[in-house]
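S.K.: Letter by letter, the chains look like this.
2 protein chains.
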Amino acid sequence: MRTTDAIKVRITDGPLPDAPARNADGECGAWVVFEGVVRRDEGGRAISALRYTAYEPMATNQLAELAGSILNTHGLVRVEVEHSRGQVPVGACSFRLSIGSAHRKEALAAMDEFIDRMKQDVPIWKEPVWA
Amino acid sequence: MRTTDAIKVRITDGPLPDAPARNADGECGAWVVFEGVVRRDEGGRAISALRYTAYEPMATNQLAELAGSILNTHGLVRVEVEHSRGQVPVGACSFRLSIGSAHRKEALAAMDEFIDRMKQDVPIWKEPVWA
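Sequences listed follow chains A and B, in order. Read in order, the letters of the first sequence correspond to residues 48 to 178 in the working numbering. Read in order, the letters of the second sequence correspond to residues 48 to 178 in the working numbering.
Possibly wrong hints are sitting among the right ones.
Since copy identity is lost for identical chains, a pair holds within one copy or between any two.
[To be verified] Pairs of lysine-lysine, DSBU-like flavour, derived with a Cα cap of 35 Å:
id: 1; residue 1: Lys173; residue 2: Lys55
id: 2; residue 1: Lys152; residue 2: Lys55
id: 3; residue 1: Lys55; residue 2: Lys166
id: 4; residue 1: Lys152; residue 2: Lys166
Source of the hints: derived by calculation from the structure; they are not laboratory data.
Throw the hints in and build the complete structure from the sequences for me.
M.R.: In structure tokens:
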């Protein structure tokens with residue numbers, strides 16, 4: 048796990064646990080949480096799970112760098128990233144991005160940008176486990 | 048509370064309880080949750096709480112109508128809305144919008160649109176309780 052006051056990054060084996068309790072210090076007026084959940088089909092064909100491969104420590108380092116970049120660009124208060132590696136069954140959560148900010152607009156813009164850049168730059172791959 | 052298979056709307060007295068467990072049927076690949084939290088100042092002046100007034104049943108009806116509208120427009124799977132009325136202290140959650148969809152982009156677009164339209168159209172007002 049990488050942690051600063053404002054940034055947390057964690058890679059977890061298997062499905063992510065439930066979301067941790069939100070910081071409640073009254074600094075953030077908006078929390079936006081994105082959860083990526085394994086869908087039951089991939090390209091129309093049924094799957095039972097996705098299997099994620101993360102190239103460490105590069106994946107953690109790049110997630111932390113990306114978190115820092117969007118924190119600064121959008122003036123956010125908190126950016127927390129969790130990603131699975133290994134096998135995650137249908138219906139379970141494999142990715143969670145939690146953004147805390149003073150107001151809403153910057154949190155939503157930052158979330159979209161983070162996920163686009165993560166998919167492009169961070170060395171985490173997935174493959175279907177067919178049902 | 049208003050409930051259909053796809054839409055839930057609930058007005059709660061005081062702070063919202065923790066988020067309910069997410070539906071995990073593998074239909075939604077993306078869950079985006081927005082939480083509005085009471086910040087510790089309002090226009091630079093310290094507050095201890097916000098007090099919300101909701102004009103019922105119009106507020107619930109309009110939230111349900113808005114939820115249905117964005118569900119259809121953006122092709123979403125689930126829209127769940129919770130809003131407080133009465134007093135909510137600093138650091139507590141007074142509004143939660145949970146959107147489940149097949150993919151991410153439509154969930155983020157829908158979230159922004161929902162909150163903009165809610166602030167404009169739904170008869171819920173807030174006033175600061177000064178510290």
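S.K.: Would you mind marking each hint as holding or not holding in the structure?
M.R.: Do the hints match the structure? See the list:
1. Lys173 x Lys55: both (23 Å within a copy, 33 Å between copies)
2. Lys152 x Lys55: both (21 Å within a copy, 24 Å between copies)
3. Lys55 x Lys166: Close inside one copy (18 Å) and across copies (32 Å); limit 35 Å.
4. Lys152 x Lys166: Close inside one copy (22 Å) and across copies (14 Å); limit 35 Å.
Violated hints for the displayed structure: none, as all numbered hints are satisfied.
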